[in-house]
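Colleague: Starting from the known structure of chain A, fit chain H onto it as the hints suggest.
Going down the list, the sequences are from chains A and H.
When you line the first sequence up against the working numbering, it's residues 1 to 118, in that order.
When you line the second sequence up against the working numbering, it's residues 1 to 115, in that order.
Hints listed in this document are in silico derivations from the structure and should not be mistaken for laboratory results.
Any given hint could turn out to be false.
As the list claims (entries may be wrong) - Which residues of chain A face chain H? A partial, calculated answer using Cβ under 7 Å:
| no. | residue |
| --- | --- |
| 1 | 12 |
| 2 | 22 |
| 3 | 43 |
| 4 | 106 |
| 5 | 112 |
All C-beta atoms, glycine included, are put in the ideal place defined by N, C-alpha and C.
Chain by chain, the residues:
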Amino acid sequence: GAVVSQHPSRVICKSGTSVKIECRSLDFQATTMFWYRQFPKQSLMLMATSNEGSKATYEQGVEKDKFLINHASLTLSTLTVTSAHPEDSSFYICSAIRGASDSNQPQHFGDGTRLSIL
Amino acid sequence: KQEVTQIPAALSVPEGENLVLNCSFTDSAIYNLQWFRQDPGKGLTSLLLIQSSQREQTSGRLNASLDKSSGRSTLYIAASQPGDSATYLCAVRGAGGTSYGKLTFGQGTILTVHP
Chain A
1 GAVVSQHPSR
11 VICKSGTSVK
21 IECRSLDFQA
31 TTMFWYRQFP
41 KQSLMLMATS
51 NEGSKATYEQ
61 GVEKDKFLIN
71 HASLTLSTLT
81 VTSAHPEDSS
91 FYICSAIRGA
101 SDSNQPQHFG
111 DGTRLSIL
Chain H
1 KQEVTQIPAA
11 LSVPEGENLV
21 LNCSFTDSAI
31 YNLQWFRQDP
41 GKGLTSLLLI
51 QSSQREQTSG
61 RLNASLDKSS
71 GRSTLYIAAS
81 QPGDSATYLC
91 AVRGAGGTSY
101 GKLTFGQGTI
111 LTVHP
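Only chain A is shown next, with the shape it has when bound in the complex:
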């Protein structure tokens, strides 16, 4: 089956640090990738949708200057949390789909990144 690889799986860093999370689709070309945030015991909250070669579309309330998303190739998207603070601590999950977001292809998810800001 399709595999989405996310790295790193866990990050612990000091307040003020910028953290980059990578998401790769290993066996398919992902035209569209998604970034989610999940709080404890809650469901996934979509942060942004990125299409290869274009700017990401952010959901309402998500700061685009805080959460920088780059989708430079059909197999790689990155999320950079800039100047992270303790309130940014969360579980971040990336996802990829073969084709456009209105296709009937299944959406595949990475294993998530646990970000802890001290």
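Modeller: Positioned in the frame of chain A, the structure of chain H alone reads:
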């Protein structure tokens, strides 16, 4: 705005039981519905995808049905095993409005299958 509700929130059953998880959604303008499994501290594993024109999909001991007009889906798990213990999430991909092209998730059902 699409809203997805899953019932029950938690379910605990003995091994071997057949069980049903329920999902309902408010806007029938969807491309598809996907069921996922999430283990603690992990990402999501796709279990089944049902396109809006389909009524059901089967994979092994799992069977998912979709009634788009009434906004309902069920996930049936046959002969449950302790390894099935996880959180099960239902999500619909919107075909209109602000949910267009996006997955909207339910809150999940936490399943525990005890030996």
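Colleague: Taking the hints in turn, state whether each one holds.
Modeller: Hints versus structure:
1. Taking 7 Å as the C-beta contact cut-off toward chain H, the hint placing residue 12(A) at the interface is violated, the least distance being around 15 Å.
2. With 7 Å as the threshold, the beta carbon of residue 22(A) stays out of range of chain H, its nearest partner Cβ sitting at about 14 Å, so the hint is violated.
3. Because the smallest distance between the Cβ of residue 43(A) and any Cβ of chain H comes to about 4 Å, under 7 Å, the interface hint for this residue holds.
4. A hinted interface residue such as residue 106(A) counts as satisfied when its beta carbon comes closer than 7 Å to some beta carbon of chain H; here the least separation is about 4 Å, so the hint holds.
5. Of the supplied interface hints, the one on residue 112(A) holds, with its beta-carbon coming within about 5 Å of a beta-carbon of chain H, less than 7 Å.
Going down the numbered hints, you'll see the structure goes against 1 and 2, while the others check out.
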